[in-house]
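J.: Sequences listed follow chains A and B, in order.
Heads up: the first sequence runs through residues 1 to 241, numbered per our numbering.
Heads up: the second sequence runs through residues 1 to 558, numbered per our numbering.
Source of the hints: derived by calculation from the structure; they are not laboratory data.
Note that the structure is a prediction, hence the values are computed from the model and not measured.
Each hint can be trusted.
Residues from chain B shown here face chain A by an in silico Cβ test under 10 Å; the list is partial: (1) I311; (2) S313; (3) G314; (4) R316; (5) H319; (6) I321; (7) N330; (8) E402; (9) A404; (10) F406; (11) W407; (12) V411; (13) V414; (14) S415; (15) R555.
Glycine is no exception: its CB is placed at the ideal position from the N, C-alpha and C atoms.
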Amino acid sequence: MIELTNVSKSYNRNKVKAVDNLTLTVKPGEIFGFLGPNGAGKTTTLKMIVGLLRPDAGRILVEGYDVTVDSLKAKQITTYVPDYPAIYERLTGLEYLNFIGDVYGVPKEARIERIQRWLDVFELAQVITNPIQSYSHGMKQKIVLTASLLPAPRVMILDEPLVGLDPRAAYQLKDLFREHCEQGKTLLFSTHIMEVAEKLCDRIGIIHNGRLIACGTMQELKALGQAEQSLESIFLELTEK
Amino acid sequence: MSKLGALVRAGLKSNFGMAVLYHRLFREKKDRWLVPLIALSLLGIAPMLYGLTAFIKEMYFILKPIGQEKAILALGILAGQLVILIFGIYYILSAFYFSRDLDMLVPLPIRPSQVLTSKFIVLMVNEYLTVAIIVLPFIVTFGILDSGGTGYWANAALVYLVLPVIPLVIISLIIVPMMRFINISRKKDILILVGSVAVLAAAFGIQLLTQKAQGGSVNQQKLVAFLTSPDSLLHKIGSNFPPSIWATQAIAGGYSAGGLTNLAVFLAASLMMFAVMIVFAEKLFYRGVIGLNETSGRKRLLSRDEMSHRISSGRRAIHAIFMREVKIMNRTPVFLLNGVLIVVFLPAFFMVTMRAGAGHSAGDLHTMIASGNSLYIILMTALFMIICSSLNGTASSTFSREGAQFWISRVIPVSAREQVTAKFLHSYLIAALGVVAAFTAIALCFPVNPLHILLAAGLALVAAALLTAIGMMIDLARPLLDWTNPQKAIKQNLNVMLGMFADAAFLAAVFFGIRALTKTGIGGNAILGLLFTALILLSFLSWVALCRFADKRYREME
Chain A
1 MIELTNVSKS YNRNKVKAVD NLTLTVKPGE IFGFLGPNGA GKTTTLKMIV
51 GLLRPDAGRI LVEGYDVTVD SLKAKQITTY VPDYPAIYER LTGLEYLNFI
101 GDVYGVPKEA RIERIQRWLD VFELAQVITN PIQSYSHGMK QKIVLTASLL
151 PAPRVMILDE PLVGLDPRAA YQLKDLFREH CEQGKTLLFS THIMEVAEKL
201 CDRIGIIHNG RLIACGTMQE LKALGQAEQS LESIFLELTE K
Chain B
1 MSKLGALVRA GLKSNFGMAV LYHRLFREKK DRWLVPLIAL SLLGIAPMLY
51 GLTAFIKEMY FILKPIGQEK AILALGILAG QLVILIFGIY YILSAFYFSR
101 DLDMLVPLPI RPSQVLTSKF IVLMVNEYLT VAIIVLPFIV TFGILDSGGT
151 GYWANAALVY LVLPVIPLVI ISLIIVPMMR FINISRKKDI LILVGSVAVL
201 AAAFGIQLLT QKAQGGSVNQ QKLVAFLTSP DSLLHKIGSN FPPSIWATQA
251 IAGGYSAGGL TNLAVFLAAS LMMFAVMIVF AEKLFYRGVI GLNETSGRKR
301 LLSRDEMSHR ISSGRRAIHA IFMREVKIMN RTPVFLLNGV LIVVFLPAFF
351 MVTMRAGAGH SAGDLHTMIA SGNSLYIILM TALFMIICSS LNGTASSTFS
401 REGAQFWISR VIPVSAREQV TAKFLHSYLI AALGVVAAFT AIALCFPVNP
451 LHILLAAGLA LVAAALLTAI GMMIDLARPL LDWTNPQKAI KQNLNVMLGM
501 FADAAFLAAV FFGIRALTKT GIGGNAILGL LFTALILLSF LSWVALCRFA
551 DKRYREME
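Pulled out of the complex, with its shape left as it was, chain B reads as follows (with noise of 0.2 Å):
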């Protein structure tokens, strides 16, 4: 096998946990349950591809007859780049400059280019995945209802293979240069910070471009002009991003002159910028890598008072172990952007968003939450709450968030109630911050009355306490511990997905539970109240499971 073969291999294998996972569920026999798990979870993005669908189908409609369908097909690749090119500064940077594997892969007799490459390669692999549920709705509805031939179908498998190239290509060849240029070694963890801030904001600020763009008046003989013209829509769209007029172009063409033109364009374009990529990584790609896992400290001895003012006067176990929790996940960029900010973003996009006067549409929503009925409100203003709150790792990466280090925990004399205790406090007191943050944004931007938005975050804060305890216990059952990269500890773990699937099978389950009862005549206080008091029976339930639990599996963990 060429040497790029054994790296793409090595990276793939590494990247998936595949050689993990086959020995865990085929040799060990465990986690077999897992597998009707994932497929469950599957189906709950049925109905959203579902919506999709039906959106293309209508737009496709309203399209076709004036000449401008294609435009349906370019949203759905532009919508497919844009992604990329906006997550992939973050995948880049953690995959060229971050993972642990350089230390090994720096010192074998490969090219830089070469490792660079099964890099991107193992990127390019990620993004199929990614974008699939974002592009290929737009390519199988299209194709389906255009009657697509051979030709559609071969230009369209092509073209979604190579679609990820350019937008990598455009950030690497940002990152590249200015990783070998700028001296940040010792900055890496507030370079990942910034630039995913960075990334946040960005995705921001297309979301208000696009609703000022569509807010903005239209001239009546401008737009019939604009839409008699071929392809109008189809160049508007792309005209920021050309690479995804000739992708378009490639698939609805098929084996027609134009079809084929336009895909020779658009892989000859993938394939050169991916050669410049080349060229720019053999020389810079090493430069920047060497030296960046290189961290030091300045020396100082302290003096015997400062040693005693710093030496603690021993807390509790509970206070000790909470503050290693606080420390370890502020002190993590990618723990602290997925686990802490992120339950702050959130209401404050929505915060900017409706503050931006969103046309139309804040302005309903202020007519209906004046005038509709205050137990709904109060529910809505809840679910936005839980909503914000539970929208993030904490609770179900506490325990793999330890990786290697969970043997300390575990020859601690300190009991594994008291251990949860600890976490089940911090992962709390982050749902709860996203209750305020959520609290905040609502009482600035909607009329709701006081009492109301009280309520709201009176239930929201005893769910909380519920689905911290949940996604703790989903955690606990399977912890991922054997991690180098932090990335893996909460983006890429599976348990913070269960926790969120958990998280809406119970707001489903709470609102069947509501609509069950508001069909039985009974009054809006009478099902506040019974919503509070099965809310707190719940939670203290599923903490004494919890600590159940936590018994049983710190003693059994291996």
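One chain only, chain A, in its complex shape (with noise of 0.2 Å):
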């Protein structure tokens, strides 16, 4: 479960404000959806969920861990996948891999099977020990989802994780996904793919300007609008005010 309550976040001393009193809750074995124009504060909101960026107020609980207080049990059971899969270029896959088990603290025997089961779903098993700057960007992407699948977490965070991939990794991941829920597990994403969103999610939260304008199922954020409105019109509606 993750919590969010209150929490604001400024840049540029106060005079950029990136995340408004924003109050949201991700129930267990939900896959909630992040919907907002560039620059809306998905991506400061989730950088905040998993330590990388400290909010000003506010207070955020990652099964029931302040993140700011007990940020390594917090850490323990969350991943992230970030926008952009910057990852070390000069290790191979399988090093950075076994670095993340490592770190994670993941058994040898559960280390072995996830990653043969992730590497045969992603395609990847034939260039795992060659080194990731040898990759191409979707290759990376698919690695650093890999490592995030690795220690099994209770929390996954992930910004725009389609990007890059193609349809059948596309394909296979929103399975993932789904699978991951199924076992309680609680899995928040940004995206800016609206079918994807429309198809996936259990909830969907739309931010716009640092704050939350509306959040609920498919159904609930339908009945803000006219009748039979796609999400995308729904989005462009909230968004334009």
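Put the complex together from the two separate chains, hints included.
T.: And the structure:
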């Protein structure tokens, strides 16, 4: 479970308010999609949850752990996929996965089983001993996703995870999201792809100018607008205001 | 603005990070503390400048009566050109071929020669700053002593502006065709490494040759004949590189016919060489660049057994982070060279110089060591070991080297203390390697008492712990994470310079401390004991401070 209570964050000495008094709960077993125009505050919110940014105000709990007080406990059960896959280019894919396994303390047997499974799913098995610098953008994205699945985390935070993936990998990833949440785990991701959000998410939050302007199931969001509106139309309508 | 102008402007901005600096200093109002600190660091070079100026003055007054004074000017100009020539290989390779902006520049509607020219101009500006400390003291001191007129100063300014052209063109004319015709795209790491080692070896060779030249016996009659012919010394110095003679005569001659003729020859030669390079660039530059960034690996499927063998059975986090540091450092040529190899090169350089029998000076050192005060011998040996172990940027770039990947260190469930411990062990191991290399060099070159050399090594190892912790704190205070070229993380990182400045300050403090102690009449053993105790205590305190600082910085860094 992820709980944000009155969270705010400003940049440039309070001149730019990136997140403004945001309150949000992502329940266990839920896939939560975070939508918003560029610069709305999506990435800032995700980064605050994983400890890359400190909130100016408010409280963030991950499975009951305050991310600023019990940060190590929160990090132990959370993995993060950033919007750009900046990873150690000089390591091989396998060395990177081993590194992640070591720092999260994943036992060897579980490590072998999970690595083999995700490498097959993402079709990375043949290049896993090559340096990451020889990977394409999509392959780097896949290795970051594999690393984020390796510790079998309770909570996954993903920033635009589908960008750069080929259609097959994107399809597989959506299945993986569902499987993750069926085990009672939590998944929060940001996206620009309305169709994915509409089909995949249990609930959707729309953020604009740092404020959560709408949040709910697809049905609840549709109730905000005119009947039979697509998520795209609802999004455009809400973010134009 | 012309395309070339726009390219040069963008190149200069990105090279010097002016936009970022302006934003941080004046918009975000951060890092203002850096301004006095940099000013202080610049003051640190004042003693060196003073020494150089004194040397030039002394030489001038010796050579003036025999009409050979222009040789001093030629020496300065030649030294500057040599520095450009030697280090230019590295700079040209990185600027022309390995900078990441090429991926963005190649698709733009700009001629290859324009791209190359813009990069060349940015390099020239870099060179003005690099050689200023060598060339300007010669030009200015000579000008003042020789009462140079307007012609002297005007020609000097022109020559200084054009000075880097010929050496840089020479290197470009070797590198541009080489990159076109040799398929080295997949071996760029090795190329950088081999190129850099070759540069160091060349510097090495020049040093040895100079020593040999100085060591040779001189026939007195020949010497008199040589010294009495006008400007013979100037021609001797410049004989291997005539542009330095033209430049010298142009400056010294001022507005006289000789001065202007030499100026014209120097400018025309520079312009012609530049034109040749442009012709080459237009035809060859892009063909060498395109495809250079492609790296490919072989595809191979691991069997289940192989996979099981290669998957680690669960190392502790500190071990995993330590191994990550080692692998990234050793697999990135710029890091390997400036962080690891340099600690071995320096003692090796010293050893070769000494063993090549640099004539009387090595002999004098031998005698001094054999008969000297044991406290001073231990301290001098330790000083050499400390310099060898700390003159690398490993500790003071340890966080910067992570660059854009630093987010991983921030999200993994490993405490800041554990991460810093792993990084400390890595940096310290390299410093210890420097101590061992220096130990070997000293043991092979001088008849130092084994107990003395062991004591010195002990002192150096404790001091290295302190200096490693200080270097890491400097980098942690303001890590440079937004680089695209790894060179920026270690070679062009202000933190590395500040780290060396801190090392120098530490050595100065130890020097003054010991001087004060010796004045009180305390014995050598007591001084050593005190020094050991103080260093151990300081190392421990610096370690505690580093851990606390890491706890704070890992939380607040954004």
